[in-house]
Amino acid sequence: MSEVSMTRKQQDLILPNGTPVDTSSPASSSSLLNRLQLDDDLDGETRDLFVTVDDPKKHVSTMETYITYRVCTKTTRTEFDLPEYSVRRRYQDFDWLRNKLEESQPTHLIPPLPEKFVMKGVVDRFSEEFVETRRKALDKFLKRVADHPVLSFNEHFNAFLSAKDLNKRQGLALLTKMGESVKYVTGGYKLRARPVEFAAMGDYLDVFTQKLGTIDRIAQRIIKEQSEFLMELREYGPVYSSWSSFEEDLHDPLEGVSGCVSNCSSALEELTEDMSEDFLPVLREYVLYIESMKNVLKKRDQVQAEYETKLEAVVFREDKKTPVPSDVEKCQDRVECFNADLKADWDRWQNNKRQDFRQLLTGMADKNIQYYEKCLAAWESLIPLLQDKQDAKGETN
Amino acid sequence: MVEKGTSLLKMMEISVAEAEKRTGKNAVNMQETYTVYLIETSVEHIIWTNPVPDSLWRRYSEFELLRNYLLVTYPFSVVPPLPEKRAEFVWHKLSADNMDPDFVERRRVGLENFLLRVASHPDLSSDKIFYSFLTEENGWKETVFETGFQAKADSRLKALNATFRVKNPDKRFAEMKHYGDELQSVISQLLRVRARAADRLYGVYKVHGNYGRVFSEWSAIEKEMGDGLQSAGHHMDAYAASVDDILEEEEHYADQLKEYLFYADALRAVCRKHELTQYELEMAAQDLTSKKQQREELATGTIRTFSLKGMTSKLFGQETPEQREAKVKMLETQIEEGEELVKERNTECEEFVKSAWVDIERFKEQKDHDLREALISYAIMQISMCKKGIQVWNNAKECFSKM
Chain E
5 MSEVSMTRKQ QDLILPNGTP VDTSSPASSS SLLNRLQLDD DLDGETRDLF VTVDDPKKHV
65 STMETYITYR VCTKTTRTEF DLPEYSVRRR YQDFDWLRNK LEESQPTHLI PPLPEKFVMK
125 GVVDRFSEEF VETRRKALDK FLKRVADHPV LSFNEHFNAF LSAKDLNKRQ GLALLTKMGE
185 SVKYVTGGYK LRARPVEFAA MGDYLDVFTQ KLGTIDRIAQ RIIKEQSEFL MELREYGPVY
245 SSWSSFEEDL HDPLEGVSGC VSNCSSALEE LTEDMSEDFL PVLREYVLYI ESMKNVLKKR
305 DQVQAEYETK LEAVVFREDK KTPVPSDVEK CQDRVECFNA DLKADWDRWQ NNKRQDFRQL
365 LTGMADKNIQ YYEKCLAAWE SLIPLLQDKQ DAKGETN
Chain Z
73 MVEKGTSLLK MMEISVAEAE KRTGKNAVNM QETYTVYLIE TSVEHIIWTN PVPDSLWRRY
133 SEFELLRNYL LVTYPFSVVP PLPEKRAEFV WHKLSADNMD PDFVERRRVG LENFLLRVAS
193 HPDLSSDKIF YSFLTEENGW KETVFETGFQ AKADSRLKAL NATFRVKNPD KRFAEMKHYG
253 DELQSVISQL LRVRARAADR LYGVYKVHGN YGRVFSEWSA IEKEMGDGLQ SAGHHMDAYA
313 ASVDDILEEE EHYADQLKEY LFYADALRAV CRKHELTQYE LEMAAQDLTS KKQQREELAT
373 GTIRTFSLKG MTSKLFGQET PEQREAKVKM LETQIEEGEE LVKERNTECE EFVKSAWVDI
433 ERFKEQKDHD LREALISYAI MQISMCKKGI QVWNNAKECF SKM
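Chains as they are written, first to last, in the numbering used here: chain E, 5 to 401; chain Z, 73 to 475.
One thing to keep in mind: the hints can contain errors.
As the list claims (entries may be wrong) - Below, computed lysine-lysine pairings styled on DSS-like, alpha-carbon distance capped at 30 Å:
#, chain 1, residue 1, chain 2, residue 2
1, Z, Lys278, E, Lys378
2, Z, Lys415, Z, Lys243
3, Z, Lys469, E, Lys378
4, E, Lys357, Z, Lys243
Said to hold, decoys possible - Derived CB-CB ranges, DEER-like:
#, chain 1, residue 1, chain 2, residue 2, range
5, E, Tyr70, Z, Glu160, 55 to 65 Å
6, Z, Glu416, E, Ser385, 34 to 44 Å
7, Z, Gly298, E, Val200, 17 to 27 Å
I should point out that these hints are in silico values taken from the structure, not numbers from a laboratory.
Virtual Cβ for every residue (Gly too), placed ideally from N, Cα, C.
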């Protein structure tokens with residue numbers, strides 16, 4: 005498959021199989037490519053599956069009101085019938101997908117979805133900010149799945165991206181839900197001891213959750229203090245204006261200060277909004293991610309416990325010369341597979357986490373820098389205005 | 073001695089160099105703690121400058137006494153204000169306690185400023201009492217009381233607080249008084265909101281310090297990310313700490329505004345004094361007019377103004393010609409005196425208006441200049457704060473990017 009290069013941005017695209025790309029539709033490759041070229045390159049891996057979530061739309065029916073999002077896919081994988089798709093999905097579709105992934109790939113870490121339930125009256129489910137925050141999280145979810153070497157080949161994921169009508173699939177899925185879930189859910193086996201490396205993972209996750217919680221609280225507190233500071237600024241600036249109204253010489257300088265304070269207020273408002281909309285949701289998403297990871301660890305424990313229990317039972321009953329029964333062997337296989345998958349996912353997760361937080365915190369620093377730069381520009385432009393009359397006066401003296 | 077009109081400051085350096093705590097017995101023989109301020113002066117000679125400045129200690133109440141004396145003695149001058157007696161418009165960190173070292177320090181600066189303002193005032197700087205305040209430690213208080221200003225002070229205070237209506241005030245003074253009211257109101261509001269904003273800003277910066285601690289704790293469980301997080305945390309600590317200096321600088325700006333808040337009061341006092349002199353002139357003129365009218369009535373026999381005496385004489389019989397002549401003579405004397413008084417008061421009024429307006433114009437220019445300077449230094453402070461912020465966050469960003 006060909007790598008996506010920067011030079012092909014402007015040209016009409018022809019796919020490897022010779023079909024020209026329709027550039028008129030909003031989901032066309034050129035516009036997709038333009039968006040995707042900003043994505044991080046995963047350690048130089050060549051990608052053959054690109055997914056984006058955009059274009060939220062409100063649907064009003066007699067029964068309910070809900071939002072759908074456009075999910076665009078571009079791929080060269082043979083598992084897909086077409087090279088590109090554009091479908092509309094709503095949140096419950098994403099939820100369905102996640103559940104299916106968890107059931108069908110229980111040894112893997114499934115990325116989190118944004119929270120399902122929002123308290124009516126507290127949050128406006130149809131406000132621009134809420135919808136945009138959700139869209140970003142859904143986009144991230146699909147991208148994380150698409151980047152996963154195992155999950156991205158899952159049949160349910162394929163269906164999610166390509167099926168015109170997902171409801172049918174969902175119906176079928178409900179029926180098979182029972183059967184599949186039995187596979188890996190084991191009940192009541194007690195694990196004696198978690199192996200060291202997995203125990204270390206568990207410990208790490210516990211501390212990490214704590215720290216993220218603290219950071220969330222700090223960020224919220226800062227936003228609160230900034231909002232209150234903003235309120236005072238909004239009262240402060242206009243006082244200079246009313247002062248200027250009964251001054252002559254000082255009229256312009258005072259008006260200038262008032263304008264400056266007003267500019268700084270707007271800049272602060274932007275900073276606070278950005279932190280609320282971009283920073284906090286990502287933090288919270290990671291807390292959900294950690295919960296998923298912890299659950300996977302627990303499942304692994306269960307599988308190992310089942311194996312150990314069954315093994316013990318066999319060892320007690322028969323003498324050591326009898327070969328190990330096949331179901332115990334299967335358990336052993338399951339344990340080893342799970343451990344391998346989990347370790348691979350852990351490493352991947354750690355790597356992504358590092359990138360994500362580097363990006364998140366750098367973004368936070370950038371937003372603060374931008375805020376101060378805006379204020380600096382405002383005050384610096386005021387200085388010549390303040391000194392202006394003085395120079396003029398100096399000349400006439 | 074200094075010639076009238078030349079600023080004392082041209083001949084002498086004045087500073088309030090230090091502040092010290094003292095304890096002693098007060099007027100009611102109770103122990104009290106108070107602060108004294110060291111006033112240093114050095115006179116410049118043509119031949120040599122004093123190697124060691126002269127100095128004496130004064131406490132705040134003595135400054136107050138000096139100012140009250142000046143207010144009474146120079147009613148047409150906008151007398152520079154003293155720094156506030158008690159800390160007002162405080163935000164939470166600043167102590168409202170008079171013994172607090174920060175408050176004492178800011179007061180020291182304010183007192184020095186007061187002395188420099190008086191010393192550069194064309195009229196006030198040549199005052200003898202002011203000079204001896206700076207140079208004679210002992211017996212100064214007695215000297216002040218000997219001037220008898222206290223009596224004038226009491227009547228002045230009464231007059232300033234009395235309500236009376238002036239028929240023909242000088243329009244400029246009425247406008248100035250109105251300006252003084254507005255200036256006082258707007259600066260009060262500004263100081264109040266600024267104090268609240270300072271409080272909030274303090275909160276914003278200090279909470280960032282919590283990032284420092286949590287990043288440090290987090291870095292302990294990380295391998296590659298650890299160093300970046302740890303150093304970023306240090307920058308967050310530095311950011312949190314930087315707000316103390318920022319707000320201390322802003323206090324200077326607040327003090328500059330406060331000076332003009334109190335100056336507004338002094339300005340209003342001058343306008344009020346004008347009203348008083350105008351009122352007294354109008355009263356004297358009114359009195360004279362009524363006396364002249366009375367004389368006319370007696371001369372022509374017509375009664376235009378009601379008088380109880382007139383009524384009684386009508387009822388109980390006319391007065392004798394001798395009685396009438398005595399009355400006329402008395403009125404004539406009164407009218408003469410009245411005309412003198414009106415002339416006096418008129419001159420007083422005119423002179424007051426002239427001198428006061430000169431000082432008011434001087435004050436206006438000073439105010440425009442000073443407040444403009446204050447705004448410029450405020451803008452510079454904000455610029456410095458923004459630059460510091462950019463630097464800290466750039467440092468943090470670098471650490472984050474190395475995570």
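Does the Cβ-Cβ separation between Z/Gly298 and E/Val200 fall within 17 to 27 Å? This hint holds: roughly 21 Å between Cβ atoms.
At the C-beta level, are Z/Glu416 and E/Ser385 separated by a distance inside 34 to 44 Å? 58 Å, violated
Does the Cβ-Cβ separation between E/Tyr70 and Z/Glu160 fall within 55 to 65 Å? 57 Å, holds
With a cut-off of 30 Å on the C-alpha distance, tell me whether Z/Lys469 and E/Lys378 pass. 18 Å, holds
Given hint E/Lys378 paired with Z/Lys278 - CA-CA distance at most 30 Å: With Cα atoms ~22 Å apart, Z/Lys278 and E/Lys378 stay inside 30 Å; holds.
Straight-line alpha-carbon gap Z/Lys415 to Z/Lys243, limit 30 Å: Satisfied, since the Cα-Cα distance of roughly 22 Å is no more than 30 Å.
Can you confirm whether the C-alpha distance between E/Lys357 and Z/Lys243 stays at or below 30 Å? Answer violated: E/Lys357 to Z/Lys243 is near 74 Å, above 30 Å.
Consistency with the previously given hints fails for numbers 4 and 6, ordered from lowest to highest.
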